[in-house]
Amino acid sequence: MFEVRLVQGSVLKKVVEAIRELVTDANFDCSSTGLSLQAMDSSHVALVALLLRSDGFEHFRCDRNVSMGMNLANVSKILRTAGNDDIITLKADDDGDVLTFMFESPRLLYLEKGPILAEILQSSDFSVTYICFDLDQDRISDIEMKLMDIKSEHLGIPDAEYEAVVKMPSQEFLRICKDLSNIGDTVVISVTKEGVKFSTRGDIGNANIVCRQNTTVDKPEDSTTIQMKEPVSLTFALRYMNSFTKATSLSSSVTISMSSDLPIVVEYKIADMGYLRFYLAPKIEDDEDQA
Amino acid sequence: MFEVRLVQGSVLKKVVEAIRELVTDANFDCSSTGLSLQAMDSSHVALVALLLRSDGFEHFRCDRNVSMGMNLANVSKILRTAGNDDIITLKADDDGDVLTFMFESPRLLYLEKGPILAEILQSSDFSVTYICFDLDQDRISDIEMKLMDIKSEHLGIPDAEYEAVVKMPSQEFLRICKDLSNIGDTVVISVTKEGVKFSTRGDIGNANIVCRQNTTVDKPEDSTTIQMKEPVSLTFALRYMNSFTKATSLSSSVTISMSSDLPIVVEYKIADMGYLRFYLAPKIEDDEDQA
Amino acid sequence: MFEVRLVQGSVLKKVVEAIRELVTDANFDCSSTGLSLQAMDSSHVALVALLLRSDGFEHFRCDRNVSMGMNLANVSKILRTAGNDDIITLKADDDGDVLTFMFESPRLLYLEKGPILAEILQSSDFSVTYICFDLDQDRISDIEMKLMDIKSEHLGIPDAEYEAVVKMPSQEFLRICKDLSNIGDTVVISVTKEGVKFSTRGDIGNANIVCRQNTTVDKPEDSTTIQMKEPVSLTFALRYMNSFTKATSLSSSVTISMSSDLPIVVEYKIADMGYLRFYLAPKIEDDEDQA
Numbered sequence: 001m002f003e004v005r006l007v008q009g010s011v012l013k014k015v016v017e018a019i020r021e022l023v024t025d026a027n028f029d030c031s032s033t034g035l036s037l038q039a040m041d042s043s044h045v046a047l048v049a050l051l052l053r054s055d056g057f058e059h060f061r062c063d064r065n066v067s068m069g070m071n072l073a074n075v076s077k078i079l080r081t082a083g084n085d086d087i088i089t090l091k092a093d094d095d096g097d098v099l100t101f102m103f104e105s106p107r108l109l110y111l112e113k114g115p116i117l118a119e120i121l122q123s124s125d126f127s128v129t130y131i132c133f134d135l136d137q138d139r140i141s142d143i144e145m146k147l148m149d150i151k152s153e154h155l156g157i158p159d160a161e162y163e164a165v166v167k168m169p170s171q172e173f174l175r176i177c178k179d180l181s182n183i184g185d186t187v188v189i190s191v192t193k194e195g196v197k198f199s200t201r202g203d204i205g206n207a208n209i210v211c212r213q214n215t216t217v218d219k220p221e222d223s224t225t226i227q228m229k230e231p232v233s234l235t236f237a238l239r240y241m242n243s244f245t246k247a248t249s250l251s252s253s254v255t256i257s258m259s260s261d262l263p264i265v266v267e268y269k270i271a272d273m274g275y276l277r278f279y280l281a282p283k284i285e286d287d288e289d290q291a
Numbered sequence: 001m002f003e004v005r006l007v008q009g010s011v012l013k014k015v016v017e018a019i020r021e022l023v024t025d026a027n028f029d030c031s032s033t034g035l036s037l038q039a040m041d042s043s044h045v046a047l048v049a050l051l052l053r054s055d056g057f058e059h060f061r062c063d064r065n066v067s068m069g070m071n072l073a074n075v076s077k078i079l080r081t082a083g084n085d086d087i088i089t090l091k092a093d094d095d096g097d098v099l100t101f102m103f104e105s106p107r108l109l110y111l112e113k114g115p116i117l118a119e120i121l122q123s124s125d126f127s128v129t130y131i132c133f134d135l136d137q138d139r140i141s142d143i144e145m146k147l148m149d150i151k152s153e154h155l156g157i158p159d160a161e162y163e164a165v166v167k168m169p170s171q172e173f174l175r176i177c178k179d180l181s182n183i184g185d186t187v188v189i190s191v192t193k194e195g196v197k198f199s200t201r202g203d204i205g206n207a208n209i210v211c212r213q214n215t216t217v218d219k220p221e222d223s224t225t226i227q228m229k230e231p232v233s234l235t236f237a238l239r240y241m242n243s244f245t246k247a248t249s250l251s252s253s254v255t256i257s258m259s260s261d262l263p264i265v266v267e268y269k270i271a272d273m274g275y276l277r278f279y280l281a282p283k284i285e286d287d288e289d290q291a
Numbered sequence: 001m002f003e004v005r006l007v008q009g010s011v012l013k014k015v016v017e018a019i020r021e022l023v024t025d026a027n028f029d030c031s032s033t034g035l036s037l038q039a040m041d042s043s044h045v046a047l048v049a050l051l052l053r054s055d056g057f058e059h060f061r062c063d064r065n066v067s068m069g070m071n072l073a074n075v076s077k078i079l080r081t082a083g084n085d086d087i088i089t090l091k092a093d094d095d096g097d098v099l100t101f102m103f104e105s106p107r108l109l110y111l112e113k114g115p116i117l118a119e120i121l122q123s124s125d126f127s128v129t130y131i132c133f134d135l136d137q138d139r140i141s142d143i144e145m146k147l148m149d150i151k152s153e154h155l156g157i158p159d160a161e162y163e164a165v166v167k168m169p170s171q172e173f174l175r176i177c178k179d180l181s182n183i184g185d186t187v188v189i190s191v192t193k194e195g196v197k198f199s200t201r202g203d204i205g206n207a208n209i210v211c212r213q214n215t216t217v218d219k220p221e222d223s224t225t226i227q228m229k230e231p232v233s234l235t236f237a238l239r240y241m242n243s244f245t246k247a248t249s250l251s252s253s254v255t256i257s258m259s260s261d262l263p264i265v266v267e268y269k270i271a272d273m274g275y276l277r278f279y280l281a282p283k284i285e286d287d288e289d290q291a
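Residue numbers (UniProt numbering), protein chains in the order written: chain Y, 1 to 291; chain R, 1 to 291; chain E, 1 to 291.
Do not rely on the hints blindly, as some may be mistaken.
[Stated by the list, open to error] Derived, one-sided and incomplete: chain Y residues facing chain R with beta-carbon distance under 8 Å: (1) N74; (2) K77; (3) I78; (4) R80; (5) T81; (6) D138; (7) R139; (8) I140; (9) S141; (10) I143; (11) E144; (12) M145; (13) K146; (14) D149.
Hints listed in this document are in silico derivations from the structure and should not be mistaken for laboratory results. Note that the structure is a prediction, hence the values are computed from the model and not measured. Positions of the beta carbon are idealized from the N, C-alpha and C atoms, including for glycine.
When you get a sec, could you build the whole thing from the sequences and use the hints?
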């Protein structure tokens with residue numbers, strides 16, 4: 001028996017939208033500790049790793065480990081029928097080849113008691129929220145989806161110490177990747193004590209964007225911080241970076257970890273639940289032309 | 001002589017946008033009681049019926065009954081040149097083959113005296129509104145459109161007692177039809193005392209959305225009410241349902257009337273003026289596969 | 001040495017977006033008096049003339065006259081990487097074939113001291129603004145673009161007295177051109193003492209839009225004023241008029257100058273800096289059918 005209930009159903013919607021461009025089919029691995037996913041993109045260049053810890057769910061029951069293979073385009077279609085404020089429940093039998101999505105819309109209660117509810121949601125006291133919602137529920141959807149058998153190899157990703165770790169507003173990172181794509185195909189990310197530089201070159205010309213360390217802002221999520229052991233400069237395909245930024249809505253900040261001999265890690269934290277991480281190997285630059 | 005003046009010109013814009021996907025050419029029938037239209041969609045499966053009563057117009061003059069044939073794509077092009085706040089006047093000679101649209105923009109008065117105007121409009125005392133606008137009018141458009149000769153048969157639609165009548169928020173109905181289209185092609189609408197269930201099945205899986213009766217809301221237009229003599233369950237093509245929901249902006253609620261031996265009626269009321277109704281015959285399900 | 005700095009960088013973005021549909025490649029001519037551009041559209045029917053006076057820049061240095069050839073699609077790509085609130089600096093060596101764009105984002109200062117800044121910007125005291133921004137700068141982009149050699153003939157445009165000059169809200173003009181394009185291909189603009197009439201005819205029918213003189217409005221930019229020596233009526237291709245209205249965001253009003261023997265001038269003023277003007281020869285109507 002597998003049954004989990006997520007009050008902030010929008011998290012699941014955002015996760016699937018964030019990865020479905022990179023990954024076609026994937027196994028969602030469920031155990032008592034939570035829900036996780038690991039998948040390579042179709043060209044086997046980038047790796048996606050998701051963790052949603054069980055304690056982030058209002059209710060989480062997973063009697064035995066199970067791996068549920070899904071086509072992400074189909075999951076996306078189904079989740080698009082859920083509202084952003086919907087509570088999402090996922091259910092499956094142990095031997096089942098069917099996953100049931102249940103969406104509950106707390107629409108009317110919201111209209112009447114919005115401010116109180118907002119406060120309750122903030123307090124994260126989900127069991128109270130649950131009772132409130134359930135009394136006034138007036139729209140419930142349930143959708144059954146057939147599961148797939150997907151062969152997949154689980155890669156062990158060793159914990160590593162990175163030479164440079166940059167934390168910056170996720171919107172800023174999104175805009176830089178998008179802006180540079182107007183000029184070139186690859187980005188050189190260079191970290192020094194002063195800041196992080198994103199560079200590209202193309203037929204039109206060359207572009208450099210420098211973000212300085214900045215911690216004197218009112219809100220921590222607006223800050224740009226750099227932890228650095230030694231300067232690093234690596235080159236990546238902008239196409240993948242742009243795919244990674246589909247996760248921007250999951251978190252107001254993004255953490256970029258780099259070492260000269262390791263894939264870059266672009267991480268979006270999922271509040272109180274876990275993370276969505278993207279790994280990408282740097283391009284090796286034989287000559288100038290490749291940049 | 002035919003001349004009618006509609007202060008809330010946006011109603012006409014919305015009506016034409018609501019039906020132009022279903023209907024290519026249609027006759028607008030004018031008599032002293034009002035403006036009406038009846039038309040089949042091009043595949044002769046759905047029927048559209050419109051009524052705009054004469055007393056909903058600020059001014060309504062129709063000396064003798066006249067049937068004006070129009071291409072709805074052209075009417076839509078013309079009405080798109082009218083602003084949402086424009087007053088619309090329609091004019092035609094008795095023997096004329098030309099209809100004149102006149103649009104008056106109360107733009108500047110709005111900017112200066114918005115709050116007062118809003119109050120006047122609410123009170124529906126149109127003759128006062130008219131005088132105000134006319135003094136400050138600074139933009140007038142008139143467009144002459146050639147009328148067409150369209151052969152059409154007027155079907156008598158008998159008044160019927162329906163086994164089940166569901167009134168629900170029109171936005172909710174719109175979303176359900178759109179959501180289910182992500183999964184399947186047809187919808188089974190089932191009404192019981194507890195609520196109304198919308199179901200579909202497709203390659204991905206099966207989906208059910210249940211809306212419970214709900215009358216304990218602050219605003220009557222947010223309520224879902226069910227009047228039922230006996231349970232009904234009928235199947236319809238989602239393609240048509242989605243077309244009908246183009247009328248959503250006309251009314252905050254929609255009324256769905258069903259009997260097992262009659263076409264479904266999906267009705268959007270037009271405040272103080274009449275209605276826009278869509279009729280669609282149920283699909284007969286010979287076997288499971290058709291659903 | 002050429003180096004200019006524009007605090008309201010959005011002006012440059014808007015100018016390029018306004019003309020890039022009409023003009024593919026063009027020379028930006030720089031002298032101590034300012035930055036200017038003159039270019040024919042690719043079909044040699046319309047003429048674009050831009051002036052940005054040096055005193056509208058925070059900093060303006062141009063040691064000797066220089067003509068910088070640019071592909072406007074490339075310039076547009078580069079400027080799209082600048083935010084709307086960015087300060088833009090342009091730099092080139094005297095003998096250089098490279099132009100450097102520098103964008104500074106005053107993002108965080110904005111968030112903290114928005115209201116104060118807004119006031120400073122309003123006062124146009126740019127040197128103060130500059131110091132403020134520079135202290136908190138945390139994102140700087142620089143982009144190098146190769147310049148092109150473009151052969152161009154500089155036309156002398158003689159100052160003329162126009163028979164009729166209409167000043168009207170630029171949004172109103174935009175909407176009229178767009179609306180009439182739904183009906184026909186050309187517009188007849190007729191100016192009389194009472195107002196300005198825009199007419200078209202097409203397969204659907206005929207349309208006339210009349211804007212009356214109106215100076216009794218609260219805001220001068222909402223007024224429609226007509227200065228007229230004698231009535232004028234000229235015909236133009238709507239396609240070009242619609243291109244001209246891409247400049248709408250540059251100014252809240254547009255000035256249209258017409259004489260029966262001269263090209264029409266459609267002018268958008270650029271506050272404190274200059275103007276963007278479009279010239280278009282009238283169509284000669286041999287017969288009714290051409291209209």
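Results of checking the hints against the structure:
no.	hint	result
1	N74	5 Å, holds
2	K77	4 Å, holds
3	I78	7 Å, holds
4	R80	6 Å, holds
5	T81	4 Å, holds
6	D138	4 Å, holds
7	R139	5 Å, holds
8	I140	5 Å, holds
9	S141	4 Å, holds
10	I143	4 Å, holds
11	E144	4 Å, holds
12	M145	4 Å, holds
13	K146	6 Å, holds
14	D149	16 Å, violated
Checked against the numbered hints given earlier, this structure breaks only hint 14.
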